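Trainee: Protein chains in written order, with the working numbering: chain A, 37 to 262; chain B, 601 to 865.
These are computed hints drawn from the structure, not numbers from a lab.
Keep in mind it's a predicted model, so treat the numbers as computed, not measured.
We put the beta carbon where it would ideally sit given N, CA and C, even for glycine.
Keep in mind that the hints are not guaranteed to be accurate.
Short, incomplete list of chain A residues facing chain B, as computed with Cβ under 8 Å [as the list claims (entries may be wrong)]:
#1 G165
#2 V175
#3 A233
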Amino acid sequence: MGYDWDFAVVLRDFDLLLLGLLNTLKVTGLALLFGVPLGLVLALCRLYGNALIRWPVGLVIEFLRTTPPIAQLFWFFFALPILAGVEINPFEAAVLTFSLQSSAFFAEVFRGGIQSIERGQWEAAKAIGMTRNRALRRVILPQAVKRMIPAFLERAIELMKTTTLVGTISYADLLFRANQIAQSTYRALEVFTIAAAIYFVVIFACSLGVRLLETRMARSGESTAR
Amino acid sequence: MTEMLRLEGLVKRFDDLEVLKGIDLTVQKGETIVLLGASGSGKSTLLRCVNFMEVPSGGRVHLMGEPVGRDGRGAAISYSERDLVPIRARVGMVFQHFNLFPHMTVLQNVMEGPRTVLGLPRSECEARARKYLDKVGLGWKADAWPSHLSGGQQQRVAIARALAMEPEIMLFDEATSALDPELVGEVLDTIKELADEGMTLLIVTHELGFAYTVADRVLFLSAGRILEEGRPEEVLLAPREEQTQSFLRGHGRFRLPETPAQEQA
Numbered sequence: 037m038g039y040d041w042d043f044a045v046v047l048r049d050f051d052l053l054l055l056g057l058l059n060t061l062k063v064t065g066l067a068l069l070f071g072v073p074l075g076l077v078l079a080l081c082r083l084y085g086n087a088l089i090r091w092p093v094g095l096v097i098e099f100l101r102t103t104p105p106i107a108q109l110f111w112f113f114f115a116l117p118i119l120a121g122v123e124i125n126p127f128e129a130a131v132l133t134f135s136l137q138s139s140a141f142f143a144e145v146f147r148g149g150i151q152s153i154e155r156g157q158w159e160a161a162k163a164i165g166m167t168r169n170r171a172l173r174r175v176i177l178p179q180a181v182k183r184m185i186p187a188f189l190e191r192a193i194e195l196m197k198t199t200t201l202v203g204t205i206s207y208a209d210l211l212f213r214a215n216q217i218a219q220s221t222y223r224a225l226e227v228f229t230i231a232a233a234i235y236f237v238v239i240f241a242c243s244l245g246v247r248l249l250e251t252r253m254a255r256s257g258e259s260t261a262r
Numbered sequence: 601m602t603e604m605l606r607l608e609g610l611v612k613r614f615d616d617l618e619v620l621k622g623i624d625l626t627v628q629k630g631e632t633i634v635l636l637g638a639s640g641s642g643k644s645t646l647l648r649c650v651n652f653m654e655v656p657s658g659g660r661v662h663l664m665g666e667p668v669g670r671d672g673r674g675a676a677i678s679y680s681e682r683d684l685v686p687i688r689a690r691v692g693m694v695f696q697h698f699n700l701f702p703h704m705t706v707l708q709n710v711m712e713g714p715r716t717v718l719g720l721p722r723s724e725c726e727a728r729a730r731k732y733l734d735k736v737g738l739g740w741k742a743d744a745w746p747s748h749l750s751g752g753q754q755q756r757v758a759i760a761r762a763l764a765m766e767p768e769i770m771l772f773d774e775a776t777s778a779l780d781p782e783l784v785g786e787v788l789d790t791i792k793e794l795a796d797e798g799m800t801l802l803i804v805t806h807e808l809g810f811a812y813t814v815a816d817r818v819l820f821l822s823a824g825r826i827l828e829e830g831r832p833e834e835v836l837l838a839p840r841e842e843q844t845q846s847f848l849r850g851h852g853r854f855r856l857p858e859t860p861a862q863e864q865a
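Here chain A stands alone, though its shape is the one from the complex (with noise of 0.2 Å):
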C-alpha cells in the first residue's frame, strides 16, 4: 500500500546534487550577468533609437520572447556551430542562450520601469539642464528600477527553473544530476523530491531577500513616489 520512502540511497549522492547546485548557480548568474545590462541596451535601443535600430531590436526582443527555450539552445548547440564553424561546448551553450533569452525579458522589464516614470520626471530633469542621457541616469533609471524589482526577481526565478532544460545538451545541472541518481539508485521519487526541496530553498531565500530590501527602501522613505 503505502510507499516506502528511503531517503539515506539517495543522501549519500548527496554531494553530486550540490555540484548540480553549482552548475544551475553558475549558469543563472552568469545569464543575469550579461542578461540584465544587454537587456537594458536593448530596451534603450527600442524605446530611443531610430526607426532602424528600432525595428531590428524590437523583433529580436519578440523573437527571443515568443520561441521555446528548449528551441533556442539547440539552435545554438547544435546549428550555430555548424553555420559558424566554432567549437561550443554544452555550458557554452547554456550561458549563451540563456543571456540572450532573459535579456529579452529583461528589455521589457526595463521598458516597462522606464515608462511607468512620470512625464513630470523628465521635465524636472531637463528643466535643470540636463541631456536626455544624464536624465536617464541619474533622474528616471534610479527611481525606474526600484519599480522593477518585483518583476526583475520573477524573472530571475522564472530564468533559474527553465535552466532546467540544459541537462537536454548534457549539461550537468541539478535537476540532471537528480536525473542520473534516480536511474542508477530507482529512487526517482526521493531524488526529485530532494532536487524540488533544493530548488524551493535556493529560490525562496532569494525571494526573501529581495523583499527584505524592498521593505527596507521602503522604510527609508525613498521608494514613495512624489
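Chain A is already provided as a structure; the job is to place chain B on it using the hints.
Mentor: Leaving out everything else, chain B in the frame of chain A:
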C-alpha cells in the same frame, strides 16, 4: 534697463492645433510678468517656449539679448538639443506638481543641478544648496525625503532647486494650483520675495490677489494671443476687453465681504 527676454511673433502648433498665434513680448531685467487666461488660452505653452521645454513652431525667442536657434533654410529656425540644454540651465522653472526627485533627499534635489549640470565641486554645491534651502525657509529639512514634506514645502524645495542653478529668469507654471488652500500662502510669499529682490519672473497663476500685488505687468491671453496688457490695476481693476472682464467676473463670483455683515437682531 537690460532686456532679458524678447518674443517676436512666437507661434506654437501641436499638429493641427495652433496654440500660440503670434506673441510679441519684451521683458526687462527685474520685471515680474503675470500671465492670465482661461485654460487653453496658451499661457502655459508660452511659458514652456521660453525655456524650450517646447520648441516654437515659428517666430523668434531672444534670451539675454541673444537670439536662440540657428537660421535654417527659408524662414525656419533650427533648434538643436545641444544649443537648448545650456539655455534651460539659465532659465529656472517651477511646475504645478513640484516634480521633486523622490529618490533623493531634499538637499540632494537642490544639489543635483549644480553638481551634474554645472559640474561644480561637491562642497560648493552643498553650500549653495543649503543657502537656497535657507532662503525658502527649509534648511532644517535638508535631510528629509520629499515624500515626507507637505505640498507647500515640496514646492518651496522645487523653487530652491531652480534657484540653485542661479538662473537669470524664473518661470512659475501654476505653482500653487495643486496645493491645499492653506499651503498656498507660504509658496506665494516665497515667490514675492524673489520679485522684491529683483529677479525676473514670468508667472502663470490663478491667484488674482497675488497677481495684483506682485506683478509689474499683467498679460491676459485668449486663444493664443495677448488680448490685453498693462499694469495690474489697469488689467485687473479696469479691463478694457469684454473677455477679460468676464474672466475676472468668473473668478470673483464668490467673495467674502470686507467687513462682517451686521448680525440680524
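Trainee: If a hint holds in the structure, say so; if it doesn't, say that too.
Mentor: Hints and how they fare:
At about 3 Å, the closest approach between the beta carbon of G165(A) and any beta carbon in chain B falls short of 8 Å, and the interface hint on this residue holds. Taking 8 Å as the C-beta cut-off, the interface hint given for V175(A) holds, the closest approach to chain B being about 6 Å. For A233(A), the interface hint is violated, since its Cβ never comes within 8 Å of a Cβ in chain B; the closest pair sits about 38 Å apart.
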